[in-house]
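J.: Please arrange chain B on chain A, whose structure you already have, making use of the hints.
Respectively, the protein sequence lines represent chains A and B.
So the first sequence is numbered by the numbering used here: it starts at 6 and just counts up by one.
So the second sequence is numbered by the numbering used here: it starts at 511 and just counts up by one.
Bear in mind the hints are in silico, worked out from the structure with no lab data behind them.
Mixed in with the good hints, there may be bad ones.
Distance condition first, Cα-Cα at most 25 Å in a straight line; then the derived DMTMM-like pairs of lysine to aspartate or glutamate [claimed, not checked]:
1) K534(B) <-> E194(A)
2) K585(B) <-> E194(A)
3) K252(A) <-> E607(B)
4) K585(B) <-> D240(A)
5) K252(A) <-> D568(B)
6) K534(B) <-> D240(A)
7) K585(B) <-> D187(A)
8) K588(B) <-> E607(B)
9) K534(B) <-> D143(A)
10) K534(B) <-> D267(A)
11) K588(B) <-> D75(A)
12) K588(B) <-> E194(A)
13) K534(B) <-> D264(A)
All values reported here derive from a predicted model rather than from experimental measurement.
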Amino acid sequence: MATFTSIQTGNWHTASTWNQGAVPNLSVDDVVISAGHTVTLAAGQYASLAPGRFILVAGAGTLRVLGALDAYGGSEIIVLGTLTSEGDYVYVWNGAELTIYPGATLSVTTGFFLATNATASIQGQMTIQSSGLADIFDYAVLTLEVGGTIQAYGFCYVEWNGQAVIRDDFSVETGGTLSLYDTPVVTIELGGAVFVYGTLTLTSSARCEVFGYLGVATAGLLSVFSTAIVNVYKDIRIGGRMTGGGKIVMLRREGRILDFSDNPLFVLDRAYGYSKALAA
Amino acid sequence: MPPVTPDIPQEVQDRINRTPAQRKADLDGLRQQRLDAMTPEQRQAAQAHIDRVNAVPDDERPAFVQVARLAVTAKSIKAQVDGGMNLRAVLDQLDAEETAAVDWLVSAVTAARGT
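If we strip away everything but chain A, and leave its shape as in the complex, we get (with noise of 0.2 Å):
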């Protein structure tokens, strides 16, 4: 049991990048890659992360993940610098920890997984490239940290009982999709914002709370579908399209519907006693 550390930039599986001369065995060896230095683990390769190990990747160092990387309970993921998934995936699960560091980058291209009440906690940058997936699922919770900021050009999920907790700016992006599928919470908190230009879908009893900004730009299309409910505490700003037979709940009376720019979409007068007026 030992840290390997990068002594240069190079390939995971080649012992000469390593200050140990050896390849490190996740399952017993921690890893720290060295600021300045990029290690990948090359497309074919894979990695396991055992549990009470850890992968911290130093500011201004690079983890490109062209195989597939995998990080199972108990095990830690701590990014400074830059964290790729490039080739098969990046799956953290079983109850595993990933960091994103304020000034560190997540880059997702291919697959990235939050499964299974493993946690993420991003307080720098993450981008769902448009070639890219990001799923949390199954009791996995992603929580978006005031600092932070997702920007999904691909697909992210949040599905099967996953939960997203929102602290700051998420960008649904022109081709983006945030899709909340079967039983999935994503909680929009005071402080925190999404912005939908491109598609944000709910289905199958998936919940958003909105606590925060919601807001779907122009061109951006909401669809939210039967069983679903989007609560809204404060206001909700709809420029775009909308479908589906879900619900938009607005919960308190002075909570307000308005369209991308700030604009009254409607003006709710008298909303409690006898008067049916409703000025568009």
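T.: Relative to chain A, chain B alone:
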């Protein structure tokens, strides 16, 4: 006057209190950074993705999104099979409900492709 919350760092307060317009401007900056880092081929691929998604009718988007997810999963399984994984052994570990779902999918895809 933006709300002031005690006991949290000023920079966090400032970030929370940004207006939507400021947040949109921040996002524009990030988009530009990404564009600047892309090769022409990557830009073309990104635009092709946008065009493909926009071509799907609104009410078919959820199904399209799930099928796209399947495609990524299929790629991942293929890579592992190419690497020597015994697919039959893994499939045998599914329970009856999961097996039925996979069987349905395989037959539905085969039927759809045949029409």
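J.: Now tell me, hint by hint, if it's right for this structure.
T.: Hint by hint, here is what the structure shows:
1. Between K534(B) and E194(A), the direct Cα distance comes to roughly 18 Å. Compliance with the 25 Å bound is thereby established for this hinted pair.
2. Between K585(B) and E194(A), the direct Cα distance comes to roughly 35 Å. Violation of the 25 Å bound is thereby established for this hinted pair.
3. Straight-line distance between C-alpha atoms of K252(A) and E607(B) comes to about 30 Å, which puts the hinted pair past the 25 Å bound.
4. Of the pairs offered as hints, the one joining K585(B) and D240(A) is violated, with about 41 Å between alpha carbons and a cut-off of 25 Å exceeded.
5. Proximity of K252(A) to D568(B) is assessed by CA-CA distance (about 17 Å); at most 25 Å being required, the pair is judged to hold.
6. Between the alpha carbons of K534(B) and D240(A) the distance comes to roughly 17 Å, so the proposed pair stays at or under 25 Å and holds.
7. Of the supplied pair hints, the one linking K585(B) and D187(A) holds, its CA atoms being roughly 23 Å apart against a limit of 25 Å.
8. Taken as a hint, the K588(B) and E607(B) pair is honoured in the structure, with Cα atoms around 23 Å apart against an allowance of 25 Å.
9. About 32 Å separates the Cα atoms of K534(B) and D143(A), which puts this hinted pair outside 25 Å; it is violated.
10. For the proposed pair K534(B) and D267(A), the alpha carbon gap of about 13 Å is at most 25 Å, so the pair holds.
11. Simply put, K588(B) and D75(A) have alpha-carbon atoms about 17 Å apart, close enough for the 25 Å limit, and the pair holds.
12. For the given pair, K588(B) sits about 39 Å from E194(A) by alpha-carbon distance, which is inconsistent with the 25 Å threshold.
13. Of the supplied pair hints, the one linking K534(B) and D264(A) holds, its CA atoms being roughly 15 Å apart against a limit of 25 Å.
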